[in-house]
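Trainee: The listed protein sequences correspond, in order, to chains A and B.
Everything in the first sequence is counted per the working numbering, starting at 15 for the first residue and increasing by one.
Everything in the second sequence is counted per the working numbering, starting at 999 for the first residue and increasing by one.
Each hint should be verified, as a subset may be incorrect.
[What the hints assert, rightly or not] Simulated crosslink set (SDA-like; lysine to any residue; CA at most 25 Å straight-line): (1) K1042/B - R72/A; (2) K1145/B - G1184/B; (3) K1338/B - E94/A; (4) K1361/B - K1235/B; (5) K1202/B - K1163/B; (6) K1338/B - R1397/B; (7) K1338/B - T82/A; (8) K1202/B - F1137/B; (9) K1255/B - L114/A; (10) K1308/B - G112/A; (11) K1308/B - F1137/B; (12) K104/A - G1184/B; (13) K1338/B - D68/A; (14) K103/A - T1464/B; (15) K103/A - M1043/B; (16) K105/A - S73/A; (17) K1338/B - R116/A; (18) K1042/B - D47/A; (19) K1235/B - L114/A; (20) K104/A - I1123/B; (21) K1121/B - E94/A; (22) K104/A - L1124/B; (23) K1479/B - A1247/B; (24) K1145/B - N1174/B.
Just so you know, these hints were derived from the structure itself, not from any lab.
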Amino acid sequence: MRLHLSVGLVLSLTAAAQDPSLNPALHIAFVGDLQSERGADFVQFLRQQFARVDGVERSTCTPDQLRTADVVVLDWPQSEGVMAWMEDKKKERHNPLGDLARWDRPTVLLGSAGLNLAAAWNLPGTQG
Amino acid sequence: MFETPHAIDVRATVEVATPASWREALQGKENVAVLRLCDGKGPKMSGWCVTASQMQGAEIECMCGGINSKQPTHGGIWRQGNLLHFGFEPSPSEYNETGRKLLVNGIAYISRFTTDRPIVRSKSILDPGPGASKHWFDFMLTSPKAKVEDLAAWFSAPWGEQIGKLEMAEARAFVNERMPALWVEGTKFTFDADALQLGVDLQKPGVVRQLVDMLRLVGMGTSGDEQAARARRLLAKLLADGPGADTTANNWDYWLKAREGALCFDWHTHVWRVDPLAFRRGAKSADLRGPARADGDAGRDRAAAELAAKVVAYHGGARAFDDLATFACRFGEIRCCWDKQHGLFRLENTGTIPEDNRATPWKVVIFDTLADVDLVRGGGPEPRPFVSGRGYYWELQDRLFLPLHLLEPGTSLRLLPDADGCRCLEVRLAGRYPRYVYVLHVDPQTGALRAIDWPNSSDGGATRFTVEGLIEVGPLRLPRKFTQKGRNGAPFVLEYVDAAWNPKLPDGVHSSKEMLLGSK
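Model the full assembly from the supplied sequences, consistent with the hints where possible.
Mentor: As structure tokens, then:
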């Protein structure tokens, strides 16, 4: 189910405003589509905010690449998760975070990443 | 999440027309006050939110909803264990300042949930067939739109047929009367016959103790035997990770004594589960809600953090520790290797036990540090004890690598008064039992670790171990030798040798029960 944010007029092209020196010195791994405008936007913004930011391509990501991050930020659209899996039930279900039992990183699930992960790991979060 | 590190003025709301899907819940309200996260149009696909019934569990908290096409109780940002669902879709340049602050605050907030994990489980939309859904069950019992035939359809025989013959009000009363015995059977709900007969409430705290006590009714007449048999059947079903169907009443007692406070009910699958965080902390699960489940300091003391940074830098630095993929060393007769990148820890014992000694012999232990389970245990077979890798793994972290864990988000730091020419830092690592509090004695000039006070397991006090020498391995400088003045004058020495930085590990190191790491 879609969230509709209150909308106004202007899209800001630069993301600044808050003072990065207030942020804890975290090592972030952003997992997403790095070639897309959206992926680049996230990496750029996170690099402005945090001490170290690794960009990891979601389609080839394995959990071993994320082990040292303090926080993993996962961007994963429905179209490449549950929708694709439901359309083609035989399709390989690649989960960039691997198995739930071995996933130990604090993680932010952006947008539909929460839906995809909940579906893959049998967790609450698929009923919207 | 709305306060730190960036304060968000949650009163800076704007009035918008009440969304159509909210009007039933907010009758008579023309407008609602919302906090704008975007000033622009935002993306076409604007996010994902979930029903309130999904966000139930000891390890779950909901921070906020959002304007959406469903109900106002749907969650937009919520947490399950170490997973923060940030359902809003915009990218940073589409957010306004409030939106960007909320994103950064969310990252900072979840960074301290290093030990918490998802506990409750749910049927997936990818699983075949519809599940017995709490969401729809709640809807059937409360919504004026619900129909009795739909409520009946959620139940297996004979209950579905009985419910289907009633008017809605009677049907709801029928269900509510039997609610304590509600159970999931396949894809449907049912009322458990044993629970109905025993008159126990399967969802009520204390029910596991009640059933364990009933096991002792065996031998007290036919009725006692029957009650005990019903209780045993229920216990086997009701606990997701219980000690097993054939466990004796005494062993149930032992098992429960250690875990009773840590049990929490999983509303999604209708079983009781052990809350691992509560169990580890020796706390009651009911007392651990929301931010209480985080590790580390909510606000880190600046002076303590500065000293910690000096210690980390002296011992090689956080980046160098990140770059450590594998590590090997020996202590005494034991060789170990840590595959940090893959989360596996292997020990091989080359020692032999003298004939007159009753210690348990063991050769190989493999511990999965991420799943927190032993893959290969040493020792045994029963009744001889088994040897776990868990304690050895944590000893390695608490001793050799302690100086490198100081700045991790889950670590708690407190500056203590200087002593013996050293600066003193109290440290508790994430995921450790509460009594594992260390005091580091630090060289004020260099940041080198001079001594560590380790907590005693017996008396609640601490024992000071002096650090002698360093292992210079790769870019890391690790404490090499720990010495304690023994009570009889003879020092107790623990020394790590043959350390290797990122060694190539032999084939089979993750599973083989053979000795692979070489002799002493």
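Trainee: If a hint holds in the structure, say so; if it doesn't, say that too.
Mentor: Structure-based check of each hint:
1. Straight-line distance between C-alpha atoms of K1042/B and R72/A comes to about 21 Å, which keeps the hinted pair within the 25 Å bound.
2. For the suggested pair K1145/B and G1184/B, the alpha carbons sit about 22 Å apart, so the restraint of at most 25 Å is met.
3. For the proposed pair K1338/B and E94/A, the alpha carbon gap of about 30 Å is over 25 Å, so the pair is violated.
4. For the proposed pair K1361/B and K1235/B, the alpha carbon gap of about 37 Å is over 25 Å, so the pair is violated.
5. Restraint check: the Cα-Cα separation between K1202/B and K1163/B comes to about 29 Å, which exceeds 25 Å; the hinted pair is violated.
6. The suggested pairing of K1338/B with R1397/B holds, with an alpha-carbon distance near 16 Å, which does not exceed 25 Å.
7. For a cut-off of 25 Å, the pair hint linking K1338/B to T82/A stands: about 9 Å separates their Cα positions.
8. A threshold of 25 Å between alpha carbons decides the hint, and for K1202/B with F1137/B the separation of about 22 Å falls inside it, so the pair holds.
9. Between K1255/B and L114/A the alpha-carbon distance is near 28 Å, which puts this suggested pair outside the 25 Å criterion.
10. In summary, the hint linking K1308/B to G112/A is not supported, as the alpha carbons are separated by about 35 Å, beyond the 25 Å threshold.
11. Between K1308/B and F1137/B the CA atoms are separated by roughly 57 Å; this puts the pair beyond 25 Å, and the hint is violated.
12. Between K104/A and G1184/B the alpha-carbon distance is near 24 Å, which keeps this suggested pair within the 25 Å criterion.
13. Between K1338/B and D68/A the alpha-carbon distance is near 18 Å, which keeps this suggested pair within the 25 Å criterion.
14. A distance of roughly 60 Å separates the Cα atoms of K103/A and T1464/B; the hinted pair therefore is violated under the 25 Å criterion.
15. Taken as a hint, the K103/A and M1043/B pair is honoured in the structure, with Cα atoms around 24 Å apart against an allowance of 25 Å.
16. Restraint check for K105/A and S73/A: satisfied, since their Cα atoms lie roughly 14 Å apart, inside the 25 Å limit.
17. The suggested pairing of K1338/B with R116/A holds, with an alpha-carbon distance near 13 Å, which does not exceed 25 Å.
18. Distance check on the hinted pair: K1042/B and D47/A sit about 17 Å apart at the alpha-carbon level, within 25 Å; holds.
19. Taken as a hint, the K1235/B and L114/A pair is honoured in the structure, with Cα atoms around 23 Å apart against an allowance of 25 Å.
20. Of the supplied pair hints, the one linking K104/A and I1123/B holds, its CA atoms being roughly 15 Å apart against a limit of 25 Å.
21. Restraint check: the Cα-Cα separation between K1121/B and E94/A comes to about 20 Å, which is no more than 25 Å; the hinted pair holds.
22. Annotation: proposed proximity of K104/A to L1124/B holds, straight-line Cα distance about 12 Å (limit 25 Å).
23. Using a Cα cut-off of 25 Å, the hinted pair K1479/B and A1247/B is violated, with the two alpha carbons roughly 47 Å apart.
24. Taken as a hint, the K1145/B and N1174/B pair is honoured in the structure, with Cα atoms around 16 Å apart against an allowance of 25 Å.
The structure fails hints 3, 4, 5, 9, 10, 11, 14 and 23 (numbered hints given earlier, in ascending order).
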